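Peer 1: Those protein sequences? They're chains A and B, same order as listed.
Quick note, the first sequence lines up with residues 1084 to 1386 if you use the working numbering.
Quick note, the second sequence lines up with residues 106 to 917 if you use the working numbering.
Quick caveat, the hints were computed from the structure, so don't treat them as lab data.
Hints may contain errors.
To be verified - To be clear about the criterion: a stretch of chain B counts as covered by chain A if any three or more of its residues have a C-beta under 8 Å from a C-beta of chain A, and this derived list gives those stretches: (1) 327-333; (2) 403-417.
Said to hold, decoys possible - Anything over 12 Å on all C-beta distances counts as not near chain B; from chain A, calculated: (3) S1091; (4) G1118; (5) Q1119; (6) S1123; (7) E1153; (8) G1173; (9) P1192; (10) S1228; (11) Y1246; (12) Q1362; (13) Q1374.
What the hints assert, rightly or not - Below, computed lysine to any residue pairings styled on SDA-like, alpha-carbon distance capped at 20 Å: (14) B:K371 to A:G1363; (15) B:K371 to A:F1360; (16) A:K1324 to A:E1153; (17) B:K377 to A:G1173; (18) B:K371 to A:I1361; (19) B:K377 to A:L1152; (20) B:K371 to A:E1153.
Just so you know, these numbers come straight off a predicted model, no measurement behind them.
Quick reminder that beta carbons are idealized off the backbone N, C-alpha and C, glycines included.
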Amino acid sequence: MTATLTLSHRTHYAYQLPVSQSRQLLRLTPRQAPGQRVLSTRIEVSPQPQEMATRLDAFGNQLTALLILEEHRALDIEAETQIELVPTDGIDLQASPSWEHTAERLQSPIDGPSWEAAQFCYPSPRVALDGALDFCRDLFVPRRSVLDIGWGLCERIFNSIEYCEGVTSVSTPVAEVFSHRQGVCQDFAHAAIACLRTHGLAARYVSGYVRTTRRHGAAEGVAEGAASDASHAWFSVWCPKFGWTDFDPTNNQQPRQSHVTLAWGRDYGDVSPTIGFIQGGGEQRLTVAVQVAEHNTGDSPPP
Amino acid sequence: MKRHSSQSSQPGLAGVHPQWVEALAHYGASPSAYDELLREGEVRAHWLPLLRQPLEDVRGAPNATGGSPDRRRDPLPFLIAAEEWRTIEAGLEQRARLLNAINTDFYGAQRLLREQGFPPALVFANRRYLPACRPGFSASGAALGLLAFDLGRAPDGGWRVLADRTETPTGLGLALENRIHTVNALTDAAQAVAVASPDDVLNGFRAEIHQRGQATGTPRDSLCVLLAGDATRPDYADWRALGEHLGFPLLEGNDLAVREGSVFAKTLKGLKPVAAILRLVESDNCDPLTLSPTSLSGAPGLLNSATQRGVAVINPIGSGAVEGDALNPFLPALCEHLLDEPLLLPSLATWWCGQRREAAQVLERLDQLAVGEAFGGPCGLEGDPTPATPDAATGEALRTAIQAQPYRFAGREPLDPSTAPCLVADGQLKPAPVTLRLFAVATPTGYRVLPGGLAWAANGVNSRLKDVWIADTSPAHAQPTPVNAAAGSAVITRRLGDDLFWFGRYLERAQTSVRIFTALGHLIAEGRPSNPDAAQVPLQLLSALAFAATADGRSTGAPDEAGLCRLLFDTAGDDSLINLLERLRHTGMRRRGILPTAAWQAIESIHQAQQSRWRVRTLAGALHLLDGLALRLSAVNGLLDESQPRDQGFWLQRLGKHIERLRLFAAINIEFGVAPAPMDPNRLHLLAQLHNLADSQAAWAADANAAWHRLVCDADHPRSMCHQAERIGRCLERLSPEQSSTGLGEARACASALIDELADACRVQEAAQDDQARRLLSSASARAAEISALVSAMWFEPQTTPPGPDDEGSPR
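Produce the complete structure using the sequences and hints provided.
Peer 2: So, in structure tokens, the structure goes:
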């Protein structure tokens, strides 16, 4: 059943001192992804930027670059998107190729999709592989289907790593997550990615929003008043037969129509929703508020 | 003595200077190693020209570099025979092309992976491959511009490439600086060996940077700059030297601003467009927004500007993707495939663990191979032939690490490089293992290899830095290769132009003051002249010209010996000769990259001469020193005339020279009372001396008006005022107007007014009186000052770079 959602992502920076110049890189517009269609999107920034341009980044994500030359003490970025989620067919995880076969294919890719996937098999700036092997060795039994492993990993992380805000930051190494067994959705995703890559598999980091949650997390600071919806992150694993399949270890589920994909990349560093470089400002306080509103009429357009 | 004579009779040492023979007796090259100097006890032919020179020259050379105190120079150069150099040169030129082609593919279509079957991990496991640099890379036409290579000679005599450096190829600045130091210290030896000059290649590189900048469509007067780190970085001395040689300002990331896809330098007068950036900092540190959010260096938005062709970045951001040992085993096949040529110069035998069989071999021979990081070349300047392992793992820890992430490691055959003679502490010669750092640069005619480079001698604990000389023993090269700045489009940035203008002025001022001091010295030497008035003349002159005329000099009449020495060498006197020469050298040094090397060497020799001033205690010594200075200054002048390309910089320098000359000559003429009237013979004699016109005294005396005519009106006479005026006009015609500048027009108008005034005055000379002549000369001098001010305002700014430790703004 098709669903139409309105996403609103508000970012607010309050600065202690005036900011004379600010350059921001935003990934707040949902990218093209299977199962979703962006109907409309807008980004509003205050104060008014002198330059604002959009382009695609190396992974095909929508990137908005802006430059503000007006002096300011607060920065507001509001992204609003109307999006349609289309149901996708469920897949039989057991029917996916074995992890060994998949790893082999990624060593010698043969077609566009496998080449595309091959760039996600190796350590990346925020995902070193230390500690991963010990965490997941037993899951990788010979000839086990790769998506079954993905699911197993999702469960393993859900059950053995405690969801805990404020313990980790955006720069916490994965090895620390494995040893302390605490973290937020970003750490959960990074942990899964490290486990898959240490076995030569392709795994990518996905950022986005979730409609219904059991647990949730905010990637960059906690939303005030713990809004029911927030930025979220999960991982995706590749296999020759089915391509990319998403798993959400924070909620221990397979995101199907429940998740909106914003961007993907090798790790958090490739997809962070806002990166800024400012002059002045002193101390800053960041608040993020995400709302996902559902339009109940979106499923059946009038004939 | 007995041993000495028996040594020199050895056939292998025939023609070798006895000091070398003596030293070589204790040299002690290992019989198993390849020694660069000796082959079975005989001196290799290409070293002979050097060994015919006294070894004392080398021993006496200063061995400290300008950079960090722990980096010591060995003044004894490393010599390569010319035939051998040609094979190295061809090999490195090919490597530069090859690595550029690979880099272009990695950041473009990736056909090497997708179609040619090279392993994907070669790119995707490579931490120096930055995906963010890929969008737009191909369309931007980016290409490698500067590459460094570490080489060593294997025991079989063949050369191996130990490392390719494409990310931040350090050392070029030091190499160029070291060359000047070495050649200056060993002038005779450099002549004998006929050291090839790097100027031509460097000019090509400069032109290429300029051209790539132009291709971005930025305004014509856009800057080419070096993007460096701050002065605390260990490579800063290298960067600064490179900036000086290229004549480009050294900027840091926060000196740059990106606006609407274009890059600007933040100057005191606002934003100046930047056309090209020679990148000296790591890719990661170039753009905190897209590449490394934790890094505070770099210019946010730079990467996007580069990929959108808003600015040319050399080497392109991300170019470290093609350095590192992992690529070594694939280079022969890549060369065949991409260039359709066999690889000329091999790397060390390397096994990359990203391949299963190779990984097994490395694990098997873990204790025999040098195992290290597969991606990203060794950092820093020192040519360390042993690679570092990630996390410094050894033994079992290393084995486990390789098994976990094999693609991160490579093992290679260790190399015992050849040995070359090094000067050790007590002046002895000892063999030390040596590796080379050589450079290739892009030029409008393709990649070219710098003739020379750095040699690292692992001499005990500290390595020593040596110059690399290519020794051509064929008769055709018996004469040193002319070293000059090749005609071409040297980029004259504002600061560069400013420096050249003042260089022209200082050079002229120095020459004239040397003449004045010489005249004064001769006066003193001749004893009290019969006519006391004559002795006053030079003194009056000195005070009129504001040269170091001290209060006591004036009060006690003519200075004595000690007084003259004080006048010459008083560093406190603003316009003392010593300070003037220092300013000349300083201005020249900052722009020595575009001065012909020989001219720069002459300036350095002036510097050395003035360093010896403390030895001058007598009048004869002072006169001897002045004679030497006069000669060297003339040499500088002549060399500039000979070999400088006639570009904007040249005409600015010339303009400076003629303006200075006009002002000085006006002052002299006024002081001497030059007018269309007869002159006192004593004054005439001095005047002739000052102008080096001794032979024409007779002619002057014959005609009362001759001096006036010769020194003011005769436009064909190179020392006349009219001649200077005309030259000033001509130089101004050659300068192209800068954007939105009305100053040039005004300066030209001013110059033609000057020419007309002088011509008028000469036409009515019969009527001219002394004070009329004086007024005319003052007015001409004022006009020249006005032109100078107009030109300064038009071309020059006080600063286009933020003040650095060595930036004192423009000298005045």
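Peer 1: So which of those numbered hints doesn't the model satisfy?
Peer 2: Hints 1, 9, 12, 16, 17 not satisfied by this model.
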